[in-house]
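We have chain H; now place chain V onto it with these hints.
From first to last, the protein sequence lines stand for chains H and V. Positions 1 to 300 (the working numbering) are the ones given, in order, by the first sequence. Positions 1 to 300 (the working numbering) are the ones given, in order, by the second sequence.
DSSO-like, lysine-lysine: derived pairs with alpha carbons at most 27 Å apart:
(1) V:Lys173 <-> H:Lys108
(2) H:Lys173 <-> V:Lys108
(3) V:Lys107 <-> H:Lys107
(4) V:Lys251 <-> H:Lys107
None of these hints come from the bench; they were simulated from the model. Since the model is a prediction, treat every value here as computed from it, not as a measurement.
Spelled out from the first residue to the last, the chains are:
There are 2 protein chains.
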Amino acid sequence: MIDIKKYLQEKQALVLKALDDLMLSPEGDFADHVTCMRYSLFVGGKRVRPILCLAAGSCISEDRDIERSLLPVACALECIHTYSLIHDDLPAMDNDDLRRGNPTCHKKFGEAEAILAGDGLLTFAFDLLSDPGHARGLSDSARLAIVHTIARAAGSLGMVGGQALDMDAEGKKITFEQLKTIHRNKTGALITASVLSGAIGARADTRQRQAMRRFGDNIGLAFQIVDDLLDVIASTEELGKTAGSDARNKKATYPAFFGVEKTRKLAEEAVQRSLDALSGFGPSADPLRALAHYIVDRTK
Amino acid sequence: MIDIKKYLQEKQALVLKALDDLMLSPEGDFADHVTCMRYSLFVGGKRVRPILCLAAGSCISEDRDIERSLLPVACALECIHTYSLIHDDLPAMDNDDLRRGNPTCHKKFGEAEAILAGDGLLTFAFDLLSDPGHARGLSDSARLAIVHTIARAAGSLGMVGGQALDMDAEGKKITFEQLKTIHRNKTGALITASVLSGAIGARADTRQRQAMRRFGDNIGLAFQIVDDLLDVIASTEELGKTAGSDARNKKATYPAFFGVEKTRKLAEEAVQRSLDALSGFGPSADPLRALAHYIVDRTK
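Excised from the complex, chain H in its bound form:
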């Protein structure tokens, strides 16, 4: 097995440098607006989605430059994830004051600026994915397929739709089936798209894409279950956002349905299914395997 801590540190540094290089500079006419976007982008974060994209690419392709080719894609995924956090935290949505241990975007810059920072980050993701200056190593067709994979996952039939369902479910009694639908769309879809877009960039064949989709679906599920769990068992300080906010907002969660122990077991089962999906791959999939283990280990 690889040293996951070291691997994560290395890849986080790589992603952070690429984000800094590729993100707009806080100067000129739009300096204030860009400053607001950069605040949320750089205030913290584990960079899970970009790292999954890079790891999926390296799993499929033996090209030593594949990570470098995928960096704009990885950064686009982080921009979309960050925008979704900014909008989810808004007063009209989850109304959260803290994110990653710091004031949320609207707390720091105001509500209008936060809405626009989110809109700007979402749009900039598609700018990055299609910028002819960032084409290195990826064909136009692969890049267009990545745009579509990410747009579908991030949109109304994925992440945005999932958030709409989540808002609608607040304070209501929902079934476990409904909770799964919310999770699959709100969190799962973009995680699967992160893995898939790395695979597409690495020219994965149909069978490989199917394996990557299955891997992504299951770690996405595990990831959300663990997030639910952490909201119950971790302190605000450890979490970097307000702990217990799900219970406060009367949100349906895995622990609310199954209790802590059973929830932990369900997360482990999802991780196991994600590992099964990688059975056809050799050591090139070790980073993906380590990432899958890392996800449940966050609860220990």
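Structure of chain V alone, referenced to chain H:
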């Protein structure tokens, strides 16, 4: 000259049908969310951006199917325009209750739903632009170039950045240079991108693209000047949104700088420059010419 009223009616019907065909259906898990998006998309609108895209395509290409090929692009532009209206109308932004003679999205569905409807429409635009099911007639490279043109124009260095500047300028004394920067980005960028994306889809060469950019920049300017003017001289009923809201919100506008008559003249000059940009084209540019005239005629 062509009959612009008839032309607009024909093309509006074409765009409306395509929007209805291509937009998500209000059924299944996301029915409520999709209903909210469809409300704002179909509540009205002159469909100026999609029609400019189609007219630019027909100006460049003799292919009889060019309009059909460009319809997903045209619809994507309307999705982005609609999302921008939804977010601009939010309480944290312009706080408008009326749009196109009807309640704004957040007035009808609530603020969280309106934010998500905007996010969904913006993301769906990129889904449309990259969907392999909508490729007809356009190469992957052309489609990727269109994604980039639109993302750049709609984002932080264009429309979103312009809106951020506009919010920031509210109630402040700004210079005419600053007003022009706001207009160029907030309204002009997406109008130019509408024309350019049609031209790219029609395989315009560099010289043709430059002409289209100049045309787009100038009718975009004319369009915004006229919008400023209408806010002063039209009634709420004629306008379909709350008249006089610029003055109420103490927004800097052309009439505030120059008065009504000089403003009208500046709009006419911009239209004339847009016509000059088309001097290299024959009758295939007549719809674009008629659209340019139509823009200032709205004030008479």
